[in-house]
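Undergrad: Single-letter residue listing:
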Amino acid sequence: MYPFCLHLEAKLENVREIRNKVSTFLETSRLSDSVKENIALVLSEILTNIVQHSTPKASEMSVKVYQDDHFIFLNIVDNGGHFKQLIELVECQKRSSMEKLFQVSGMGLNFVATLFPDVKYIEETHSGVTTNRMIISVEKSNKKRIAVVDDDISMLSVMRIYLENDYDIETFESPEKALQELSTQEFDLVISDISMPQIDGLMLKRSLASSEKTSTIPFIFLSANEEFETQNSAVDLGIDDYLIKPVRKEQLLIVIRRVLNRSQKFREMLGNRLDEKITNALRPALPKKIDTFRIEVRSRSATAGGGDFIFYEPSKNGLGFILGDIMGHGEQAKFFAHAHAGFLQGLLVNAVSRTPPSYWLNSLSVAAGDNSILNKTLVTCLAVELQDNNMLKVASAGHLPPIIVNSFGLYEADVSGGLPGLAAESNYEEQLIHLDSGRMMLFTDGLVEMPCAGSPKESVENKIRDLMSSGIDLTIEESCDQLMSYIDENAQKLGALPDDVTLIMIEACR
Amino acid sequence: MDQKSESLLIDESMIKQLENDTSSELMPSMIKIFIEELNRRVNSLAACIEKELYDQIEKESHALKSSAKTFGAVKIADLASEIDTLCKNGSFSLVSEKTRLLLEHAEPTVTELTNKYL
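Line by line, the protein sequences are chains S and E.
Residue numbers for the first sequence follow this note's numbering, beginning at 692 and rising by one.
Residue numbers for the second sequence follow this note's numbering, beginning at 61 and rising by one.
Chain E extracted, bound-state conformation (with noise of 0.2 Å):
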């Protein structure tokens, strides 16, 4: 990934956000259980891009575009957004492409947040 693309990963506004409406000691042990469950996840959809199971992914996906927004893993929650419309409207063509690309994003996602937060 180019530099740009890796600027875009993490919205650090909305990590101040969540930081206000919670408390900045609070903050490592919520960002813990994100990257816990962000590896969980993708796990998941890499287990599932192997075998089609479209239905798995959408609900994965479903799930990690709200979580992901909330810790500020905007690029993270684009992809997921994408991947779950992809799947409602049956457009199965493109969620391997863009589950890969979400994967691929993962692992930078996770080394940004460590670095910037734990």
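With the rest of the complex left out, here is chain S (with noise of 0.2 Å):
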């Protein structure tokens, strides 16, 4: 906020002026509206004392706005006679003599003191030119600013009571509207709903992406849409969390805190720069073969950043790897799929004996929730054992499902479970998958959800799915190599790759 300075003619009409100029000016400060409304009044009582009581008469009046980090100022300067009741005001409020207080109004400005008990009023020569400055400071709130958007006024109404106690609300049944305040006023948090006319909520978010000043305000989806692609596309907006209504208070507080949490230490650290040993150290590999299995991996870093990472620990954990990818891209990412990797490596290295994929995902979780790094970004996992007789044992943790084909053609396996560190307590679910024939793919998102070069999005897809299934008759190397000359020429004619890009196929060795 810039200083407010207006110098003007000591006349009852510009008393009016002053104060809607400032009052607009306020508009934008972080101030509550009564304290905001209680401005505006004791602007109006001092400047119309000044006009119509003061002796001798002021010609001129001038008011400042000012402010630091904790406080804005208001400061009004005139010419004329110096009030000396005012003084007494001052002094009878700091002393709580309430009684004597009253027993010396008269002019209207005994609620000047007992609004703003720390109000200075005090006189000053300059020059042989006697004028009052009277200093009124106004601390600012504390609280985190969240605005809310969702056209169900009902919807809006409970939000405001959920969180008006420990927040400052501002509600928006517009987006419109959301937008135009969003882009003027100072936010720490926006939750939007996502169904709404006109502009949906993944436009909002689009649109506050493409602006230097709103970009970087977390951000929630608060929707019913519990549609995993609708999800999906949320989350590669850079969202700091996704909600399914209806949303409990207890849940909802949590969440906020951690998302602004998350963003606080996340702004600490924006200014690291990543070199090229972080990105070697997590270019994904693995052997060429495990035990009883066949495996092949194929990756694309990204043209910037990109979250994909594969840990796999031979020394404690020969038989099982973790395929992660960090929501989101750019260079945080991959900050963050080190951290992961790093983490995932101090727990297995560590462990006192052999671990199952829930338990590695369960550890992810907690700390995803508490750890001071890990809980600035959003990571999903896919956990795998390779066991005895063709068999594996797969956790999910927000992932894609692996999808597996065989002579029968193609499915997705049931393998499903949250994003870490979302909920307090995290039970992933093992799922055993029989390998006797066909082969496991297993991918991040980059591989389905790149954009087609010419065509609509869900192309890509289909047409992963079209050479996974008629890859059945290659050795899993060739497929994989057909799989990845369709990306690359497409990231070709795209002329960037937008998202890592990793794929791992298994086969049981026959």
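Since the hints were made in silico from the structure, they are not lab data.
We put the CB at the ideal spot given by N, CA and C, even for glycine.
Among the clues, some could well be false.
[Stated by the list, open to error] Once the Cα atoms are required to be at most 25 Å apart in a straight line, the calculated DSS-like pairs of lysine-lysine come out as:
{"id": "1", "chain 1": "S", "residue 1": "K702", "chain 2": "S", "residue 2": "K775"}
{"id": "2", "chain 1": "S", "residue 1": "K940", "chain 2": "E", "residue 2": "K129"}
{"id": "3", "chain 1": "S", "residue 1": "K904", "chain 2": "S", "residue 2": "K956"}
{"id": "4", "chain 1": "S", "residue 1": "K904", "chain 2": "S", "residue 2": "K831"}
{"id": "5", "chain 1": "S", "residue 1": "K956", "chain 2": "S", "residue 2": "K831"}
{"id": "6", "chain 1": "E", "residue 1": "K76", "chain 2": "S", "residue 2": "K940"}
{"id": "7", "chain 1": "S", "residue 1": "K1154", "chain 2": "E", "residue 2": "K148"}
{"id": "8", "chain 1": "S", "residue 1": "K727", "chain 2": "S", "residue 2": "K712"}
{"id": "9", "chain 1": "S", "residue 1": "K811", "chain 2": "S", "residue 2": "K831"}
{"id": "10", "chain 1": "E", "residue 1": "K92", "chain 2": "S", "residue 2": "K940"}
{"id": "11", "chain 1": "S", "residue 1": "K834", "chain 2": "S", "residue 2": "K956"}
{"id": "12", "chain 1": "S", "residue 1": "K834", "chain 2": "S", "residue 2": "K868"}
{"id": "13", "chain 1": "S", "residue 1": "K748", "chain 2": "S", "residue 2": "K775"}
{"id": "14", "chain 1": "S", "residue 1": "K940", "chain 2": "E", "residue 2": "K176"}
{"id": "15", "chain 1": "E", "residue 1": "K92", "chain 2": "E", "residue 2": "K129"}
[To be verified] Distance ranges between label pairs, derived from CB positions:
{"id": "16", "chain 1": "E", "residue 1": "L161", "chain 2": "S", "residue 2": "Q1173", "range": "49 to 55 Å"}
{"id": "17", "chain 1": "S", "residue 1": "H761", "chain 2": "E", "residue 2": "L86", "range": "31 to 37 Å"}
{"id": "18", "chain 1": "S", "residue 1": "L1165", "chain 2": "E", "residue 2": "N103", "range": "57 to 63 Å"}
{"id": "19", "chain 1": "E", "residue 1": "E164", "chain 2": "S", "residue 2": "D1127", "range": "51 to 57 Å"}
{"id": "20", "chain 1": "E", "residue 1": "E72", "chain 2": "S", "residue 2": "K868", "range": "33 to 39 Å"}
Take the two lone chains and join them into the complex the hints point to.
TA: Given below as structure tokens:
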């Protein structure tokens, strides 16, 4: 906020003008509506007294508003006579002598000292000219400010009541109005519905992301939409969380605290840049043969950043690995992929005995909620343990399900689980998969969700699935190469690879 | 509607939960707002079903399923959820029937909310 300054002739008609201009100026400040109203009232009262009652009469008056980190200051100067009563009033207020306060009243100035007891009123003389200066300081709210956007007024009323004790809440029934206010005022978080007329939640997020001022405001979707496709589209926009309606107050408050905490820490770390060593350390790799399984891995690094990683620790965990994908893109995703891989390494290297996939994900989930580094982002993971007799044990934390292709066709493995760190207690389930025939494919969303050059988005996934099915007659090495050729060709047409792509194909040795 | 289906209109435990999360003093004003919103969407659904505006029906039912669930109006929430899914799947032949069923349940739902909580 820039300092406000207005210098006018001491006339009644100018009082209203100053009051209106100060009110407009304060609209963007982090003051509650009642404090803004009090400032406007006090301003009117002081200026009216200066115009009507100062002796000798004031000919000029000026108002300045400025701020530091904690306070907003209102500074009123006039060249009329000094109000001795006001000094007395201020002294009365400081002594809490309410009885005397009201006795001294008579000029309508008593409530100035009541509303703002720290008011200062001094007489100054510079170059032979005497002026009066009144300084009122108002402490800014330290509550975080949240914009809630939903076209359903009943949901807005519930949200306001849920949150107003802990946060400054602004509710918007119209996404257009929300966009307008978000671009001019300061907010710490946006919570938005998805399905809304004209501008839906996804468009709102895209608009905010496209503006420098609003691109970094943390964003939570609160939607009744439980479809994986919609959630995935939302997550790809770089959101901080996705909650399903109806939401309990307790759950909402936990998620808001976590997101605001993450955001603050994330900002502290934004200055960090990642070097090539981190990218190399994360380059996904697995042996071509683990026990009785043949494995092929293909990966491509995004043009900028990207957050895929494979964790494989042969010394303690020779028969298993984790495929991870950090949500969002860019250098930050790469950094957090490194942080997650580091956590998993520490977890498994220090394990006293072999542990199952669900244990890795449960541990990661606890850390993603509590750990000061891991809780700054979201990750999806597939944990795989290779067992005897062509069996695999798989657990998923919000990751795309593996695809199994055999002579009967192509189907998705029934493996699912929530994102790490979003629930207070995670209990990931493992799925046992027989791989006597055919092959299993694990991949990150970069493989199926890259834009298709010159075609609708969904055709990329269809094409990938077709290639997976038709590749059943090829070796897994040939099939992987065929799939990656298509990805490379598409990326070349697009001119960039927007996200990391990782593909793992596994089959049992026969 | 028979007695049994009427008894399933409102889940009182959900309203109790909402009251615990907010306050008993504020409940009547919140329920009033919900009733206004429910009436508005029901009127819109009634108009849309005549004109077979399935996109709009999907949007209204989608919004209604979450607000109705928040306010314990479980029958409306279930029907709205069914209509939302039918619209998304393109099963439009069943949408009319379910929407008319939802419209039938709206008034008794409002009556029950009004009698018990306002």
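Undergrad: Now look at each hint and say whether the structure bears it out.
TA: For each hint, the structure was consulted:
For the suggested pair S/K702 and S/K775, the alpha carbons sit about 22 Å apart, so the restraint of at most 25 Å is met. For a cut-off of 25 Å, the pair hint linking S/K940 to E/K129 stands: about 14 Å separates their Cα positions. Our distance criterion of 25 Å between C-alpha atoms is met by S/K904 and S/K956, whose separation comes to about 19 Å. Distance hint between S/K904 and S/K831 is fulfilled; the C-alpha atoms sit about 21 Å from each other, no more than 25 Å.
Of the pairs offered as hints, the one joining S/K956 and S/K831 holds, with about 22 Å between alpha carbons and a cut-off of 25 Å not exceeded. Between E/K76 and S/K940, the direct Cα distance comes to roughly 13 Å. Compliance with the 25 Å bound is thereby established for this hinted pair. For the proposed pair S/K1154 and E/K148, the alpha carbon gap of about 24 Å is at most 25 Å, so the pair holds. The straight-line distance between the Cα atoms of S/K727 and S/K712 is roughly 12 Å, inside the 25 Å bound, and the hint therefore holds.
Distance hint between S/K811 and S/K831 is fulfilled; the C-alpha atoms sit about 18 Å from each other, no more than 25 Å. Distance restraint check for E/K92 and S/K940: the Cα-Cα separation of roughly 20 Å lies within the 25 Å cut-off, and the hinted pair is therefore satisfied. Under the criterion of a C-alpha separation no larger than 25 Å, the hint pairing S/K834 with S/K956 is consistent with the structure, at around 17 Å. For a cut-off of 25 Å, the pair hint linking S/K834 to S/K868 stands: about 22 Å separates their Cα positions.
Between S/K748 and S/K775, the direct Cα distance comes to roughly 15 Å. Compliance with the 25 Å bound is thereby established for this hinted pair. Restraint check for S/K940 and E/K176: satisfied, since their Cα atoms lie roughly 23 Å apart, inside the 25 Å limit. Using a Cα cut-off of 25 Å, the hinted pair E/K92 and E/K129 holds, with the two alpha carbons roughly 15 Å apart. A C-beta distance of roughly 51 Å is found between E/L161 and S/Q1173, which places it inside the suggested range of 49 to 55 Å.
The hinted range of 31 to 37 Å is satisfied by S/H761 and E/L86, whose Cβ atoms lie roughly 32 Å apart. Under the hint 57 to 63 Å, the C-beta atoms of S/L1165 and E/N103, about 59 Å apart, fit the expected range. For E/E164 and S/D1127, the hinted distance range of 51 to 57 Å is satisfied, since their beta carbons lie about 54 Å from each other. Evaluation of the 33 to 39 Å hint for E/E72 and S/K868 yields a pass: the beta carbon distance comes to about 36 Å.
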